[in-house]
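*Asks:* If you want the building blocks of each chain, they are given just below.
There are 2 protein chains.
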Amino acid sequence: MADDNIIYIGKKETMSYVLAVTGQLNGDAGKVTIKARGRSISKAVDVAEITRNKVITTAVVDDIKIYTESLENEDGRKSNVSSIEIYLRKE
Amino acid sequence: MADDNIIYIGKKETMSYVLAVTGQLNGDAGKVTIKARGRSISKAVDVAEITRNKVITTAVVDDIKIYTESLENEDGRKSNVSSIEIYLRKE
Chain U
1 MADDNIIYIG
11 KKETMSYVLA
21 VTGQLNGDAG
31 KVTIKARGRS
41 ISKAVDVAEI
51 TRNKVITTAV
61 VDDIKIYTES
71 LENEDGRKSN
81 VSSIEIYLRK
91 E
Chain H
1 MADDNIIYIG
11 KKETMSYVLA
21 VTGQLNGDAG
31 KVTIKARGRS
41 ISKAVDVAEI
51 TRNKVITTAV
61 VDDIKIYTES
71 LENEDGRKSN
81 VSSIEIYLRK
91 E
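Order-wise, the sequence lines are chains U and H. Okay, so the first sequence: first residue is 1 according to the numbering used here, each after it adds one. Okay, so the second sequence: first residue is 1 according to the numbering used here, each after it adds one.
Because the hints were derived from the structure by calculation, they are not lab data. Zero decoy hints are in this set.
Heads up, the list lumps identical chains together, so a pair's fine if it works in one copy or across two of them.
Below, in silico cross-link-like pairs of lysine to aspartate or glutamate (DMTMM-like), each with a Cα-Cα straight-line distance of 25 Å or less:
(1) K90 <-> D63
(2) K11 <-> E74
(3) K54 <-> E69
(4) K11 <-> D75
(5) K90 <-> E69
(6) K12 <-> E69
(7) K54 <-> E72
(8) K78 <-> E13
(9) K31 <-> D63
(10) K65 <-> E13
(11) K90 <-> E13
(12) K35 <-> E69
(13) K35 <-> E91
(14) K31 <-> E91
(15) K54 <-> E91
(16) K54 <-> E13
(17) K65 <-> E91
(18) K54 <-> E85
(19) K35 <-> D63
(20) K31 <-> E13
(21) K35 <-> E85
In this text, all values refer to a predicted model and were calculated from it rather than measured experimentally.
Whole structure, please, built from the sequences with the hints as guidance.
*Replies:* Written out as structure tokens, the structure is:
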């Protein structure tokens, strides 16, 4: 499944996501998409940078996309939140 | 000067940077680079997204780069910090 190659960045420690990303890059596909929203975007960039500089130095950034998602709150109001997708590939 | 087209994201309010980015895009060059480090990276993405979705809808993301900078602390120790550059252009 395509979703297997996506790592969503949330509230866990940065290194926990670095491990997950490393596992994906070392898998058959050899690639991974790191996704994050709002304040987690900074952590997503940290995860990508630490992975490719310290862990898998043959990993490269294939592409980076930014976009806006419209999320519905519990009370039905919508709010816009910035999002990022970082595509990493093992060379 | 090339530096005139760079907006550095810091501790001001998001909309303050949106105004600065909008000013650059409306200038002669018609393009701007948004730069941020560490936790300000999320705000940089917000600034780019708000500018191109709400203010200058003809603006497009030309490229996005992520990299790591090595900064020296006051006591001489070095620390690595993730950085982002978002290139916007008015079509």
